[in-house]
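Novice: Residue strings, one per chain:
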Amino acid sequence: MFACLYRPPAPDESVALDVIARDYSPRYERHAADLVSVDVNGLERLFGSPRAIADDMRRDAASRGARVHVAIAGTRTAAVVLAHARPGVTVVMPGDEADMLAPLAIGILEQIPDLTQSSPAAFAVSACRRWGIRTLGEFAALPPSDVSSRLGRAALAWQAIARGQDVRPLIPTLDEERFEGTFELEWPVEDLEPLSFVLTRLLEPLSMRLERRDRGAAVLHVILRLVTKDMYARRLELPSPMRDVRTLRTLALLDLESHPPSAAVDRVTIVIDPTPGRVLQHTLFSRALPTPEQLSTLLARLGAVMGQDRVGAPVAVDTYRPGAFSMKPFATEHRGEARGSRLEARQPRVPLASSLQPLVSALRRCRQPVPARVTIDRGRPIKLTTDRRGFAGGSIVRCAGPWRSSGNWWEGGAGRAGEADRAGEAGRAGEAGRAGGPGRAGTEVSAPSTYPPHLPYWNREEWDVALSDGAVYRIFQDRDTEAWFIDAIVD
Amino acid sequence: MLQMLAAATARGELVALVDALDMFDVESAAAAGVDLDRLLWIRGHVVTNPGMCRDMNQRALEQALRAFTLVLQAGNFGLVVFDVAEAPSIAIKRLPFTTWLRLQRMVEGRQTICLLVGSEPMARSSAGLTVKCGLRIEDCGFRFSDRLFDGLNIDANVIESRLTNHESRHVRVPLQTTCA
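Chains as they are written, first to last, in this note's numbering: chain L, 1 to 491; chain F, 1 to 180.
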């Protein structure tokens, strides 16, 4: 649990809060002169319950002449927010943070220091006010994908704060020991390969010192002095505490490969922000998972090969939009146990394939729908052809539909109308050349060039069709343009 | 593929999917019971219409293969899938044959299952088990009710197995799929 001490603006500011925090735990972070957060895990034996710890802190501050707000919560973020919002002592049990924060006014985000280290909260707060959102609970309830698409990724961090989730680990304020190493190069280094040896030489003693202190690296700073006398600094926030030299070196090198310095390097400095090390207990009964170090390195390598936006964990989106999805960063720490209890794990919920138990039909989505020509007879598709290689065409032997789907029509329809007119004219021109109007027997609708990508709205009629050669497709007719597309392959 | 992913994640394993053609449907996976938090999804850069840049897709395929190799090298994943099911066979054949031998050496002796999904057998002699899934020929292969698509009737045929005796080859397993 974390405690937060906040001193409201007062004429007498002689007592430093970090002096009070240091009396309770060496693990404290000084956010500002009037705000300190303290890791109070393990203090129960000395001071008693969290309420007793908070009361003791407040009395101690009062005896030194400071009137402070004290909040204790399961997450540091919740403690910081509650210390700003509530005078006196506030204690929240782990798990109740979101409920306690929910009724607070959204404007509180502007008062707390920038925990996200990304962007100020004013932008997110003003946008929320325009939308009529007044409390943190209302902000927290918004779908993250929509918040990200409208306000950018930085707003997700503010939403996490509104939910009481920590956006970064506590970085202790340490005066006495600094994990830092510097290496002056006799000759400047231009390539990254020789730099890897320098990094290893710097990281090895730092790793040993971290191990002696039972610490891991939370943030790795690589500061390079270039031959142009400019300083080039990179900051790596590590997903979990680590001190393995090879992992740290690989992550630093991969980052420098992605963001190379502009000139040769003549001095290398490594600074590590420490955090308590992880305690891992492997079990004999579950298989080993990749360690956070392995996963961090793998994700960094994959990001360098494929691009950061192409790697992650899929997220199902709460929408009716066909094929909608989003991605989130792949977590580096997982529990090894199977879902549910150990007894359930021996009998997995997902049945193995057998002739008696039906499987779920999977779709293979065409991210860019494939234009198709469809012949209609009595309102039903009877023939499908496409110019795209790899897709079968032919007569349709069975079909199911139509299923009408539309949504987000309230978002910017003007632009689409113009597009629809243009595509519709093209489609109707082809249609007129071949057959009669819509609904008449043997009508063939020509294929447009492409489906307009990334439109927020959709309006379509879907069909599941089986072709004579055995292929099964999900096709749709865009109701604005009357053009047909292959949306997915049924697998 | 989805059933294997779902079973592996239900056992508490981490799984990875190298989706070379970026055709993975998240809704289908969720319906099949895949724990999405345990799935590392790597989306390929293959484009449907490369125009004049004809080598672009081949390079993207090789890039996806490199990502697949990295995941196998990392180790300790329960199941790693390389999905190129809709890729043209000529593009797969252009990949060096030694690729599959190298991948087989990577997973040999480990607990990781390496699954290649393609329109035809890819790994050939380095494959451990080759299963061909296709629509059942006896009936038409798909089931439609009044106005609904119900699912597919599939036959899974074991056409090659290095691990079992000769009699267990050419085993046919009838399967049925249903719409989620």
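Keep in mind that the hints were calculated from the coordinates and are not lab data.
As the structure is a prediction and not an experimental result, all values here were calculated from the model.
We put the CB at the ideal spot given by N, CA and C, even for glycine.
Just to be clear, a hint being listed does not mean it is correct.
[Claimed, not checked] Each pair of labels, with its calculated beta carbon distance range: (1) GLY134/F with ASP377/L: 28 to 38 Å; (2) THR99/F with ALA316/L: 32 to 42 Å; (3) SER89/F with GLU186/L: 54 to 64 Å.
[Said to hold, decoys possible] Chain F regions said to be covered by chain L (calculated; three or more residues, Cβ under 8 Å): (4) 75 to 84; (5) 97 to 106; (6) 109 to 117.
Novice: All the hints need checking, so say for each whether the structure fits it.
Specialist: Against the structure, the hints come out as follows:
1. Roughly 29 Å separates the CB atoms of GLY134/F and ASP377/L, a value that falls within the hinted 28 to 38 Å.
2. Separation of THR99/F from ALA316/L is about 33 Å and conforms to the stated range, judged on CB atoms against 32 to 42 Å.
3. Checking the proposed 54 to 64 Å range against SER89/F and GLU186/L shows it holds: the Cβ atoms sit about 56 Å from each other.
4. Counting residues of the segment 75 to 84 of chain F whose beta carbon lies closer than 8 Å to any beta carbon of chain L gives 4, which reaches the threshold of three, so the coverage claim holds.
5. Three residues within the 8 Å Cβ limit are the bar, and the segment 97 to 106 of chain F against chain L gives 0, so the coverage statement is violated.
6. Under the rule that three or more residues need a Cβ within less than 8 Å of chain L, the assignment of the segment 109 to 117 of chain F is violated, with 1 such residues.
Checked against the numbered hints above, the structure violates hints 5, 6; every other hint is satisfied.
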